[in-house]
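Protein chains in written order, with my numbering: chain A, 1 to 176; chain B, 177 to 402.
A hint or two may mislead.
Stated by the list, open to error - Selected chain A positions facing chain B (in silico; Cβ < 8 Å):
no. : residue
1   : Glu110
2   : Glu133
3   : Phe137
Unchecked claim - Derived DEER-like restraints, expressed as beta-carbon distance ranges:
no. : chain 1 : residue 1 : chain 2 : residue 2 : range
4   : B       : Leu400    : A       : Lys48     : 36 to 42 Å
5   : A       : Val44     : B       : Gln287    : 37 to 43 Å
6   : B       : Val269    : A       : Ser59     : 48 to 54 Å
7   : A       : Lys53     : B       : Gln363    : 37 to 43 Å
8   : B       : Glu348    : A       : Asp123    : 22 to 28 Å
9   : B       : Gly337    : A       : Gly134    : 21 to 27 Å
If you are wondering where the hints come from, they were derived from the structure by calculation, not from laboratory data.
Keep in mind that this is a model prediction, so the values were computed, not measured.
Ideal Cβ placement from N, Cα and C applies to all residues, glycine included.
What follows is each chain in one-letter form.
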Amino acid sequence: MWKRDESVKPATPPAQTPAATPSAPVAAAPAASEPRTQLGRDNVNIGKSIIIKGELSGSEDLTIEGHVEGRIDLKDNVLTIGPNGKIKAEVFAKAVVVLGEVTGNVTASEKVDIRDNGSVDGDIASPRVAIAEGAHFRGAVDMQRAGAKAQAKPAGPAPGSAAPGPGQPQTQKVGA
Amino acid sequence: MADARSLTDLFGILGPRRVGDSAATVDSSVTPVTEVSYPTQALQKFLRCLQGADNPLILDLGPVVGNNVTFFGEHLGCRIRVEDVAADIDQHVKAGKLEQLPEFLAGRFTQAPGSVDGILCWDILDYLDRPAAQALATALCRLLKPDGCLLGLFSTADTGGQVYTKYVVVDESTLRYRTYPALRQRQRSLLNGDIIKLFKDLRVSDSFLMKSKLREMLFRKPALRA
Numbered sequence: 001m002w003k004r005d006e007s008v009k010p011a012t013p014p015a016q017t018p019a020a021t022p023s024a025p026v027a028a029a030p031a032a033s034e035p036r037t038q039l040g041r042d043n044v045n046i047g048k049s050i051i052i053k054g055e056l057s058g059s060e061d062l063t064i065e066g067h068v069e070g071r072i073d074l075k076d077n078v079l080t081i082g083p084n085g086k087i088k089a090e091v092f093a094k095a096v097v098v099l100g101e102v103t104g105n106v107t108a109s110e111k112v113d114i115r116d117n118g119s120v121d122g123d124i125a126s127p128r129v130a131i132a133e134g135a136h137f138r139g140a141v142d143m144q145r146a147g148a149k150a151q152a153k154p155a156g157p158a159p160g161s162a163a164p165g166p167g168q169p170q171t172q173k174v175g176a
Numbered sequence: 177m178a179d180a181r182s183l184t185d186l187f188g189i190l191g192p193r194r195v196g197d198s199a200a201t202v203d204s205s206v207t208p209v210t211e212v213s214y215p216t217q218a219l220q221k222f223l224r225c226l227q228g229a230d231n232p233l234i235l236d237l238g239p240v241v242g243n244n245v246t247f248f249g250e251h252l253g254c255r256i257r258v259e260d261v262a263a264d265i266d267q268h269v270k271a272g273k274l275e276q277l278p279e280f281l282a283g284r285f286t287q288a289p290g291s292v293d294g295i296l297c298w299d300i301l302d303y304l305d306r307p308a309a310q311a312l313a314t315a316l317c318r319l320l321k322p323d324g325c326l327l328g329l330f331s332t333a334d335t336g337g338q339v340y341t342k343y344v345v346v347d348e349s350t351l352r353y354r355t356y357p358a359l360r361q362r363q364r365s366l367l368n369g370d371i372i373k374l375f376k377d378l379r380v381s382d383s384f385l386m387k388s389k390l391r392e393m394l395f396r397k398p399a400l401r402a
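Take these sequences, add in the hints, and give me the full structure.
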């Protein structure tokens, strides 16, 4: 009868493991144990309590959990705005992942990804944009493709549409 | 075992089993979210209208739907501006200033006249009374470029549900209708003639009566004559 309690017990200890390791040390730990060449790329964290005003540029992937105002320039790297991150800046990066708040225009050469609970107030320019359900976005998205227009079909009315007058239906189909 | 069955029978006597009772953990005060997929005919035509344009500008009057941004961006390489008019309606309802909605909608859009290639109007006009609908339609006509197109959905049956619908593009021929709570219900459904009068500066390019009880209409602004 009491055996059931015992069988439940082993399930609890693994739950403590992630709680005991705050996010910043987790990011630092693998960097210390593995050589950087094996990681292939560096990742730098700006912690929750950090406030930066001005221009932020670099050549490493960056995660921001703090506040940044001004301009962020990481043209060849990935910028992650963490859940606690608050950005009031023009952002330029290779890819931008938003879990926190961004106010300002975001330009990415590869992708912008606004995750659930992420928020962007500003215009986005990137060839790929993903906005998750539950994310907030207010602005315009520019997803212009380079050189893709050459293959585009010519615009114009559908075949057989011999310019009906204003208010005149061209086709009418029922029960589609 | 027999006890369980007899209990079920007992509850059966009390009344028919309601569909969805098993999911009763959801707060019943919240309007249920439904999601159904329907075919679309007008969307393909809308896409075809814009495929020749270079970096076209699309104005989306619905709420932000990530799938749609991705879809239109990948298919058209376009700029998309999302202007959630449903949120504007809700704001006016909350503030008790619905009578100011026509004036608000007339000056709502900051884009230059004749600068927009395509407008996704969805079914927002169904939620507006006549003066507000006319103000919005006039503003949209002004924004549209010559030869630009506007996609509108219009309910053909009066429905009392107080929900808006997010139209999620699944592919060129399928839309997923996802409802969410609204502060205003659909107004009386517009007749075909009423819709044409609203957009009197545009011509109806295509009109499809769908099984989803929606009329899909594609309007085009007449091209300038040289």
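Status of each hint after checking the structure:
Interface restraint check for Glu110(A): the shortest CB-CB distance to chain B comes to about 13 Å, outside 8 Å, so the restraint is violated. The interface hint given for Glu133(A) holds, since its Cβ lies 7 Å from the closest Cβ of chain B, which is under the 8 Å cut-off. At about 5 Å, the closest approach between the beta carbon of Phe137(A) and any beta carbon in chain B falls short of 8 Å, and the interface hint on this residue holds. Taken as a hint, the range 36 to 42 Å is violated for the pair Leu400(B) and Lys48(A), whose Cβ atoms sit roughly 56 Å apart.
Between Val44(A) and Gln287(B) the Cβ separation comes to about 39 Å, which falls inside the hinted range of 37 to 43 Å. Judged by the Cβ atoms, the range 48 to 54 Å given for Val269(B) and Ser59(A) holds: they are separated by roughly 51 Å. Checked against the given bound of 37 to 43 Å, the beta carbons of Lys53(A) and Gln363(B), roughly 49 Å apart, lie outside it. Taken as a hint, the range 22 to 28 Å holds for the pair Glu348(B) and Asp123(A), whose Cβ atoms sit roughly 27 Å apart.
The hint said 21 to 27 Å for the Cβ distance between Gly337(B) and Gly134(A), and at roughly 23 Å that hint holds.
Violated hints, in rising order: 1, 4, 7; the structure is consistent with all others.
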